[in-house]
Structure formats: structure tokens, C-alpha cells
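**Student:** The residues making up each chain are set out below.
Number of protein chains: 2
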Amino acid sequence: MNLKIALLGGDGVGPEVLAQAVKCLQSVEVTFNHHFTFSPALVGATAIDQTGNPLPDETLEICKNSNAVLFGAIGDPKYDNDPIAKVRPEQGLLKLRKELGLFSNIRPVRVYPSLIDRSPLKKEIISGVDFTIYRELTGGIYFGEKKLNEKGTVASDLCEYSEKEISRMAHLAFKAAKNRRKKVTLIDKANVLETSRLWRKVVTRIGESYPEIELDFLFVDNAAMQMILNPAQFDVILTNNMFGDIISDEASVITGSIGLLASASVGTDFAMFEPIHGSYPQATGLDIANPIAAILSAAMLIEHHGLNEEAQAIYMAVENAIINNVVTSDLNPDSRFGTDYVGNYIANSIVDTD
Amino acid sequence: MNLKIALLGGDGVGPEVLAQAVKCLQSVEVTFNHHFTFSPALVGATAIDQTGNPLPDETLEICKNSNAVLFGAIGDPKYDNDPIAKVRPEQGLLKLRKELGLFSNIRPVRVYPSLIDRSPLKKEIISGVDFTIYRELTGGIYFGEKKLNEKGTVASDLCEYSEKEISRMAHLAFKAAKNRRKKVTLIDKANVLETSRLWRKVVTRIGESYPEIELDFLFVDNAAMQMILNPAQFDVILTNNMFGDIISDEASVITGSIGLLASASVGTDFAMFEPIHGSYPQATGLDIANPIAAILSAAMLIEHHGLNEEAQAIYMAVENAIINNVVTSDLNPDSRFGTDYVGNYIANSIVDTD
Ligand SMILES: [Mg+2]
Ligand SMILES: [Mg+2]
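Protein chains in written order, with my numbering: chain A, 1 to 354; chain B, 1 to 354.
Keep in mind that a hint or two might mislead.
No distinction is drawn between identical chains; accordingly, a pair holds when it is met within one copy or between any pair of copies.
As the list claims (entries may be wrong) - Listed next, the in silico SDA-like pairs over lysine to any residue satisfying Cα-Cα at most 20 Å (straight line): (1) K122 with I258; (2) K201 with T153; (3) K64 with G101; (4) K123 with L229; (5) K151 with R168; (6) K98 with L60; (7) K175 with I206; (8) K98 with V192; (9) K146 with E160; (10) K98 with D57; (11) K123 with N230; (12) K151 with R200; (13) K95 with N191.
No lab work stands behind these hints, which were simulated from the structure alone.
Make the full structure from the sequences, and use the hints.
**Tutor:** Following this line, the structure appears as C-alpha cells:
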């Protein structure tokens, strides 16, 4: 397979962790006989510094001409601490999502048995956790009409959803469940909210065309409890933008290894893959950042393009590194291994087991 | 002090746990020389069965003529499983809150050292947790305008807040913090929502008249993480209706003892106190329900009326029962003690330590 991949390293440790992901993709090329082309492009604070624009036209062009975007991280304290800054690095990411029509955010959460002690939850609760969250990313209350009366004494936010916005999310979630444990849990508040009732109606109807998938419903307040009491019950979680924001962030801490979490943002025509961790500016250039989330993002990228076996090879190489304790110091304080060493080790462990 | 207390036992185990709370209040009367009058009244499924109305006028009258309402629990499977039921027990509670103007829900969460092993979180994380959540209860998106277009393809919910709704909540939270560790954390999503920005503005301004109180802000997605990573950081949490629903339910499971949680719903003129657990219908009359949440609700009631020392005496009596393992079987599977025995034990341990 030929794949054109836009490489948007961004700020802080973004470029260095992305470099490790590229090594792994190159290892996949050789091992499985594919051809990947990498096109680096500027984004974020780095782009502002060099062009004045957090998302230069050239970057957008490169992304639109690629099969997928591999993204590092964004954000620089220089801009965060400047209240009068007119352009901000984060605007680059928001604009990119919008321009590419990325309406869905996908976050896998799984526990690595050898890291289970890092979880804030007890072992028996977190053991076996392996689920994926499908969060709607461009609708709902975060993007609805905002009002403030003239006196500044009454404010409002509108949460709106259309059948179309819901159904494209539902299809993604049901399709994902087919390749997993065949269960979708819709998180909503249908006992109170009209938008939630529409979600439930549309998702239920679409579920009928996926008869092999079990469809469950959970109110968001109960879901926030279940994520702590029994997270292993989840397979595919489907939810709106705001509930997804809250529940996916809650979910990101239960394994105790936030540095290992990758994510995808997917639309009809484009898809982007990135670690959920930030730009970690104080670690820039120190060769200490954990490259695993970036490497797993690359695995999600090729999996998205149907290279399942190849993605599995990356997942196994990552597990192998974790089991053998070839990890950065965030996972093992006694570790002598840096970003680059761990990246090489994982890239070199990618093998075709067939 | 003279206090008129309306007793709304409600459904399931509600009446039996409330009976234990009354014993404790009677013990407070004798020990501290107060006079409490108890007026029982019907509510919920019991009220439907006897009068056809989940909140009979007489009950509302009794509540309005009392200094406080002590509430048991509501809900009966007979109505839950009947999709064509026109009146539902829960309507009684919703109407009561509305009629009494109870705009604020207050939920204390604390860990009992002797029960710490019950928590789904690791001991070092849950140890020392002791905070109270102030949730706005009658505004926001749960009560905002709901729309569905004619075709049924677009739905919306409006989240609206006024300065007045926010400021009365803020005063409650700051006042509560005065008697605690002097810290208020406002949970919002001010980086995205207009209503959250109004909350932040109003709460910040009111905070200036409480200079001894530290005011912190936390985005709701981050709060959902912090509740798992470091819940001991919280003292008083202040938040809107929906965020409060999610965060307070998440908080209710971190101690592992949901059967011990009491709550208050407070308005300008009235206040109601109730366990957060449900009516637990399958346990009705079996003398196995845990009475502690109801007893702690009674403690919150008298504390609300300024009887701090008396409330402390109840809290100490409860702790004493837990430490001596005089608890129901939900807390200790080997327990031989029933609802009534535990209630008597706690009531008899209430002493004036002065
Ligand atoms: Mg978030
Ligand atoms: Mg709730």
C-alpha cells in the first residue's frame, strides 16, 4: 500500500516523539512491503514564529493532499503567558480540525498488565480494561449559539444536534464494535435532555442494521460512576461532544499511564492521529519524553487504512518494550533509556509474525 | 431550640431508615435539652397508593409549616416497570423541590478511616478525603427550553443562568468554606461556555467579600480527572446543575461507601435532608438497610439550624459504630446487626462531650 502522511510535529516534544513514530512506520514499510511518503509541515507556535500563522496555507495544503495526518503536540508557554497575544498556537489545531471536517474523536483506553500498579484504581478493578471512546467533536453545546444580555447578567449556551451529526458518529461506533467485543454503550442524559433523546432514537435505529452488536445506554452521571466502579464493562463508548470531553478525560487517568494514550480525529475525507499528551515544553530536546503515545498514534493511522496486521505488529512491539522495561523515566524512574533509544528499540522489534 | 420537622419516609426502606434518624434526633433532644416535633406525611408511591397523588396537598402543607423536611427515599418497581403509568413516585420529589424553592443540593463526601479498604481507589489516594459539593439544582440545561423540529431531525437544549441564580449559590459555598478548610473550587468550562464565564465572573466578584477564602477554578473535564487522581485537594466544590450531577455522582463512589452519603437541598425559606441512596425496595421490611445515611441526614438538618455541637455528637456516634463494627451487612458481610439495632446503638452513643 502507498500512503502519503503529513507530519505535523508542532511544539515542544512533538517533533521528537513524532520522529520515533516515523521510525516505526519505516520499519513497517520494510517488514510488510509498503510505501509511505512523509511530508513535514509547520503548525502551532513553531509556525507562528516562522510565518506568523499557526496553520500556514502550505500546511493545510499538505494535509489535504495526504492520506492521513500524524500530529505531535501543540502549545508554548511563551503564548500561554501572554494575555495580549493575538494568535495562539491552539488556533492552528482547531482550524485544522475544522478545515479537514474531523467530526469524531476516538480514544482507545487499555491497561498494560505490567503497568497495572500505576493505576489510581485497585488492580482487580482496572484489570482487563480495554475500550474505545467515540466522541462527537464538532457539534453540541461547545459550538452552539452563545448569548450574553446587554447588562451582562444572563448568559446562555445552546446545545443542538441533528440526525445527520448523530448518525455518522453511530456508524463509526458500530463498525468499530464489529472488530471488538461487539458492544456499544451510548452515554447520554435522555431522561432530561431533548438532544439526548434524539441521540438515543437515531442510535437505536442505526443499531438495527448492526444486529450482531449489543447496544447499551447509560446516563452520563451513572457513566462517571461506572468508569470507577467497573470500567472493564465497556467496549465501545459513543457520546456527544461535552459528555465525551468529561468521560474521556476521566477515562484517561484510570490506567495511570496517560503518556501511553493515542487518539484519532476522523472525518469523511480526512483523518488525523495524535498522542493525547501535551507539548511538555520543559522536556523539549532533553531526550526524556515518552514516544509511546506517538508510536501508538501511528499504529492507529495504519489501522485506519486497513493495515490491521501491521498495526498489531506495532502494538506488540510496544508491549514488548514495556514488558522488558525499555521505557522512559516517566514509566520507570530508574530507567536509563531516552526517547530515541526507546523509539529505536520499538522500531526494531516490529516483525511480521505470520 | 424548638424545631418542627416534617418526616417524609416515602417508599421502600425509606420509612425504616428514617425511624433510626428520628431515634437519634430524640436522643439529641434529651442530651442537649431541645424540643423537636415530628410530623409524618405521605410521599411517593405510598402516597399514590393511598391518595392517587405522589405529593398530596396535606404533605406540602406540613412541609411548609415545618422548619425542615427529613426525607427517606422514593421509588417503587411497580411504577418503574409500568410504561403507561400516568403518575410516578419521582414526580412527588421533583414537585416538592420546586414548591419549596430548593435551588441548591449539598453533598458531603468523606472517607471513614476504618472503611478505607472499601474504596475502588488506592488507600494513599482516598486517605483524608473530606469535601462538600454545592450543586445548583433548579437551573441550567436540565431546565432550559427544549426543542425538536417538526420532522424530528434536529433537537436542542438551552443552558441558561442568571447572575441571581449564581450569586445565591456562591454565597452558600463561601459561607460553608468559612467553617471548613477555607477553599472553594468552582468547576466550570469557562474556556468554552458563555454560562461558565458568567459563573466565573459572578463567583469571583462575590469571592472578594470573603477574603479569607481561597478561590480556585477547574475545568469540568480536568475535575473529572482530579476526582480520581487527587480528591483530597477539594474542600468546597461549587458548580452548576449538570456538572454537579456528573461530578457529585463520580464523587459518591470514590469512598466505596455510597450507603453512608447524606445530602441536603436548600432554598431561601426551606431545607430538606435525605440519604442519596434509593428506596432499595427488595430490602423493605427485612431490617437489613443501612440507616447511617439517614442518620447523617438528620445531623445535617440540625447543623443547618446552627446546632453544630449536637451534629458533631451524631457524627461521633456514627464513627463509633463504624469503628466498633456495629454496622449492617452492606458494610460488613459477617454482621449480625440489623437496621434497628444499629439505629439504637448510634442513638444510645450520642453524648454531650462538653
Ligand atoms: Mg478535555
Ligand atoms: Mg445523578
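**Student:** Please name the hints from earlier in the document that this structure breaks, with their numbers sorted from lowest to highest.
**Tutor:** none
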